[in-house]
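*Asks:* Starting from the known structure of chain A, fit chain B onto it as the hints suggest.
Protein chains: 2
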Amino acid sequence: MDALKARIKKDGKNLGNGILKVDGFINHQVDAALMDACGKEFARIFAEIGANKVLTAEISGIAPALTTAMHLNLPVVYARKHKPITMPDQVFLTLTPSHTKGCTVELIISPEYLSKKDKILIIDDFLATGATIQGLVRLAETAGAKVVAIGALIEKTFEGGRQALSHLGVPIESLARIRLMQDDQILFDDE
Amino acid sequence: MDALKARIKKDGKNLGNGILKVDGFINHQVDAALMDACGKEFARIFAEIGANKVLTAEISGIAPALTTAMHLNLPVVYARKHKPITMPDQVFLTLTPSHTKGCTVELIISPEYLSKKDKILIIDDFLATGATIQGLVRLAETAGAKVVAIGALIEKTFEGGRQALSHLGVPIESLARIRLMQDDQILFDDE
Numbered sequence: 041m042d043a044l045k046a047r048i049k050k051d052g053k054n055l056g057n058g059i060l061k062v063d064g065f066i067n068h069q070v071d072a073a074l075m076d077a078c079g080k081e082f083a084r085i086f087a088e089i090g091a092n093k094v095l096t097a098e099i100s101g102i103a104p105a106l107t108t109a110m111h112l113n114l115p116v117v118y119a120r121k122h123k124p125i126t127m128p129d130q131v132f133l134t135l136t137p138s139h140t141k142g143c144t145v146e147l148i149i150s151p152e153y154l155s156k157k158d159k160i161l162i163i164d165d166f167l168a169t170g171a172t173i174q175g176l177v178r179l180a181e182t183a184g185a186k187v188v189a190i191g192a193l194i195e196k197t198f199e200g201g202r203q204a205l206s207h208l209g210v211p212i213e214s215l216a217r218i219r220l221m222q223d224d225q226i227l228f229d230d231e
Numbered sequence: 041m042d043a044l045k046a047r048i049k050k051d052g053k054n055l056g057n058g059i060l061k062v063d064g065f066i067n068h069q070v071d072a073a074l075m076d077a078c079g080k081e082f083a084r085i086f087a088e089i090g091a092n093k094v095l096t097a098e099i100s101g102i103a104p105a106l107t108t109a110m111h112l113n114l115p116v117v118y119a120r121k122h123k124p125i126t127m128p129d130q131v132f133l134t135l136t137p138s139h140t141k142g143c144t145v146e147l148i149i150s151p152e153y154l155s156k157k158d159k160i161l162i163i164d165d166f167l168a169t170g171a172t173i174q175g176l177v178r179l180a181e182t183a184g185a186k187v188v189a190i191g192a193l194i195e196k197t198f199e200g201g202r203q204a205l206s207h208l209g210v211p212i213e214s215l216a217r218i219r220l221m222q223d224d225q226i227l228f229d230d231e
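Each protein sequence line maps, in turn, to chains A and B. Residue numbers for the first sequence follow the numbering used here, beginning at 41 and rising by one. Residue numbers for the second sequence follow the numbering used here, beginning at 41 and rising by one.
The following block holds chain A by itself, in its conformation from the complex:
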């Protein structure tokens, strides 16, 4: 998606070790209009996929998942990383390594909002190693739900996430695919 790719070129920063800083428009300050446009694009791509629910992980998945859900007229569920007191004792929980934190985090979903009736569209900000999305897939499968498609704003193709998810046999779409980050250079797969 050109608007997103242009913004990454302009404001994205390669911090080294495969870390792309997009805090100015996605992860801390959010460009609401851009997120809306990204959600609209995901809704276009996944219009016929038959999802009845969008699933993401807090925190930075919320913005793109919400705008996608708005344009598809679906609810969105975000997996929590800490169990709030409003959640029942019996939950779906999985562990996933955090790329940017260097530790393992929990992903938790209440059985109230995920069941075998659900056809899930997973949306997240990044597709890197695919670890977070694999965690969401495990939660969906544990609930008996079916994952029907996966979307990410930004894919780092050199980290293998797409391959790690390919066994699912579902469409995987990213709006910006980065093939190389070197010093100040960020290159997309079509350049």
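Check the hints yourself; a few may be wrong.
Since the list can't tell identical chains apart, any single copy or any two copies may satisfy a pair.
[To be verified] Straight-line distance between alpha carbons at most 27 angstroms, and here's what the computed DSS-like set of lysine-lysine pairs gives: (1) K80 <-> K141; (2) K141 <-> K186; (3) K121 <-> K61; (4) K141 <-> K157; (5) K123 <-> K53; (6) K45 <-> K123.
Because the hints were derived from the structure by calculation, they are not lab data.
*Replies:* Just chain B, lined up with the frame of chain A:
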């Protein structure tokens, strides 16, 4: 706002100790269409307030703040509770008691995205004691920014947040004002 109040009546749960569970449409599963309508309503209310940025706190403030920012065509910044590695070492940080966690949490904003040029509209999911919003006000003031208005989806009028924020002398608007939660009964201020 009638749609929000009707949904609270239908799906909100009084868990006791002043805790209102709205996990089915705001805090875990999000009704994207309802959040969009709430954002549109905030944008209508605050159309003339002169804000150039929306400010909220992760996690559950993100959805209403994002939809408000979309309809006002503004960026939104969400205060982080943990400093990510993408953030500079020098940050704005304040401590705030968490109503639902029974502990103190950090609210952190990068100086990259908050400055004395900013006129801030604060949006959050709840206005209860006002502690989180007061934390956001402190961060804005530390950055030299000016808070011009405050909006919350749900206000619990019996917890005194509005009084605690009144010294700011800015408009405070809530879309649903609850005056009483007792057993299965949730009463708004107009009933």
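*Asks:* Run every hint past the structure and note whether it holds.
*Replies:* Results for each hint:
Taking the closest pair of Cα atoms, K80 and K141 never come within 27 angstroms of each other, the shortest separation being 30 angstroms inside a single copy and 35 angstroms across copies. Taking CA atoms no more than 27 angstroms apart as the test, K141 paired with K186 passes in neither setting, with 29 angstroms inside one copy and 33 angstroms between copies. In this assembly of identical chains, K121 and K61 lie within 27 angstroms of each other by CA distance both inside one copy and across copies; the values are 21 angstroms within and 18 angstroms between. For the homomeric pair K141 and K157, neither the shortest alpha-carbon distance inside one copy (34 angstroms) nor that between copies (32 angstroms) is at most 27 angstroms.
Only between protomers do K123 and K53 lie at most 27 angstroms apart by alpha-carbon distance; the minimum there is 17 angstroms, versus 33 angstroms within a single protomer. With identical chains, the CA atoms of K45 and K123 are at most 27 angstroms apart between copies only, with a shortest distance of 26 angstroms across copies and 35 angstroms within one.
Of the numbered hints listed earlier, those contradicted by the structure are 1, 2, 4.
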